[in-house]
Amino acid sequence: MKVSAVKYLVVFAIQVKNLLEYKINIYLKLIRPIIMVAAVGALWLVLFKVTGRDSIGGFTRKSFIIYLLVIRYIAVFSPGGASITEMNEEIRTGDITMRLVKPMHYMVWLFARNLPIPLVSGIAGLLMVTLLAWFFGAPVPTGWSGVLFCLSVTAAIITQYAFYQGLGILSFWIYDVFPIERFYKAVSGLLSGELIPLTIFGAAAQSILQFLPFASLAFIPGGIYVGLFPFSKAIILVVSQFIWAGFFWILVLWSYNRGLKKFEAQGG
Amino acid sequence: MEAFFKMLRILPDYVRLAIRRETEYKAGFYTYLVHQTVTLLIWLIFWRAILNRIGDFGNWDFPLMLLLTGFSTISMGLWMTFSTIWRLPREILRGDLNNYLIKPVHPFVHFVFRRLNLRSLPRILLGAGTITYGLYFYKIPWSGMSLFLAGTISVLSFLTAFLPFALICLTAFWIGRAEFLRDLFGELFVFQNYPISEFPNLFIYVFTFIFPLIFSATAPVLVLTKLTVGQSWAILALMVVIIVIQLLIFGFLWKRGLRRYESFGG
Chain A
1 MKVSAVKYLV
11 VFAIQVKNLL
21 EYKINIYLKL
31 IRPIIMVAAV
41 GALWLVLFKV
51 TGRDSIGGFT
61 RKSFIIYLLV
71 IRYIAVFSPG
81 GASITEMNEE
91 IRTGDITMRL
101 VKPMHYMVWL
111 FARNLPIPLV
121 SGIAGLLMVT
131 LLAWFFGAPV
141 PTGWSGVLFC
151 LSVTAAIITQ
161 YAFYQGLGIL
171 SFWIYDVFPI
181 ERFYKAVSGL
191 LSGELIPLTI
201 FGAAAQSILQ
211 FLPFASLAFI
221 PGGIYVGLFP
231 FSKAIILVVS
241 QFIWAGFFWI
251 LVLWSYNRGL
261 KKFEAQGG
Chain B
1 MEAFFKMLRI
11 LPDYVRLAIR
21 RETEYKAGFY
31 TYLVHQTVTL
41 LIWLIFWRAI
51 LNRIGDFGNW
61 DFPLMLLLTG
71 FSTISMGLWM
81 TFSTIWRLPR
91 EILRGDLNNY
101 LIKPVHPFVH
111 FVFRRLNLRS
121 LPRILLGAGT
131 ITYGLYFYKI
141 PWSGMSLFLA
151 GTISVLSFLT
161 AFLPFALICL
171 TAFWIGRAEF
181 LRDLFGELFV
191 FQNYPISEFP
201 NLFIYVFTFI
211 FPLIFSATAP
221 VLVLTKLTVG
231 QSWAILALMV
241 VIIVIQLLIF
251 GFLWKRGLRR
261 YESFGG
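If you read the sequences in order, they're chains A and B. Read left to right, the first sequence gives residues 1 to 268 (the numbering used here). Read left to right, the second sequence gives residues 1 to 266 (the numbering used here).
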């Protein structure tokens, strides 16, 4: 058991070393979400100004910007995006066979390989958001809310990664998964609260959307950070996040085994 | 001039190649079409949800937002058709431009047309359909001239967005890794979908003269629904001047960049 964990740690360590070779990339990756938030945040600040409102959908100006930053860095945290491209390329060219003959689990290897960049940028990003929030006097979760927030972010990352792995696994059946990835991003952008917080929708739509798996990716952790939910409701939402995460991982592992069987049946 | 006609002669060949590439993987084409339709619908839901919550966005109500989404869809469809520009920094860095330099055709034209993304063309039709629906369903008054001017600005706006982006990609000749700069710049494209005329003056100036995204959707909607014919012609004239300046800058930097690239031996 120890030996098998060590080999993935070695892959992880090599990737960290590669990452440190190009330090400028880390800094640049940290800046990108700020530009993205500036672009989306500008619209909302103009909306606040034009309508003369103090809050829209339960968000003030400050809490809205902090919400946008939090959800953007959670998205940065997930190592999924790079792994879809890699998986798609390796499956359609057949290069995956080179990995499969080695004494390791392909998906764990992929995870160890793609983890360093999101881990570094995600942690640094969330620290930066907390500092910004503190500086601007915006809400920062502390105590049990802080614990819930960390759990919520963990569940969000696990679910996001499951979605991305699921899309990558589709490569066993579909030649080019890129359009499906784009489709997924468009839909999840709206339903996860990344484009607009779910509180902007009507009460009926909101009560359904917040328990869908997409809300787990952005709206729930972002909402907990800015204190949008009462504590008891936040607990229920975090539990629902973990239930969805477990469900999707079971689905992903089942699909991976099915895909692998199909791949082997065709002779690799 | 001869080079220009030569370029025109080979364009159909590029298109034929692109069609062949698209028909090879039909599933990808249809999935992309679904994705484009869903993206359009998402923007409409986005504006509907916001306007339901806050009322009009300044001078913009939902019918105008519908037209805005239609025009930005057209512009993005055209842009995506030539989205191969995204690869330029990487090809410069890896020395892949050598393949184009030895061909008897303008290397940039060959680079851009070699990988036409015809999957994005239906997006243009979707945008046009959305505008037609908006004009008909919400009974928005319009004239033939205003529609002609709005359409012309919308189609030409592709160049005002494409050329600054291409200029950013050209920086790879000097700084090597320009991907980050390119990606950062790419984030600004979201402003195409916003009614920029409601933003503070600083934004209006930036998106008119530096990264002219105002012509993609905001200007066509205003030309179609609010501005006089004279004002609309003035906007079109300004846009043409901006395009000419952009082309001159691009041509100058392309030549300088290529000289630098060749002096390093590719």
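Please note that the accuracy of each hint is not assured.
[To be verified] With a Cα cut of at most 25 Å, we get these calculated PhoX-like pairs of lysine-lysine:
id : chain 1 : residue 1 : chain 2 : residue 2
1  : B       : 6         : B       : 139
2  : B       : 226       : B       : 6
3  : A       : 49        : A       : 185
4  : A       : 262       : B       : 26
5  : A       : 49        : B       : 26
6  : A       : 185       : B       : 6
7  : A       : 102       : A       : 261
[Stated by the list, open to error] Covered by chain B, per the in silico footprint, the following chain A stretches (three or more residues, Cβ under 8 Å):
id : region
8  : 36 to 46
9  : 139 to 151
10 : 157 to 165
11 : 185 to 192
12 : 195 to 207
Worth flagging that the hints you see were computed from the coordinates, not collected in a lab. Remember, predicted model here, so these are calculated numbers, not experimental data. Built from N, CA and C at the ideal position, the CB exists for glycine as well.
Query - Indices of hints not satisfied (ascending) - result: 1, 2, 3, 5, 6, 9 and 10
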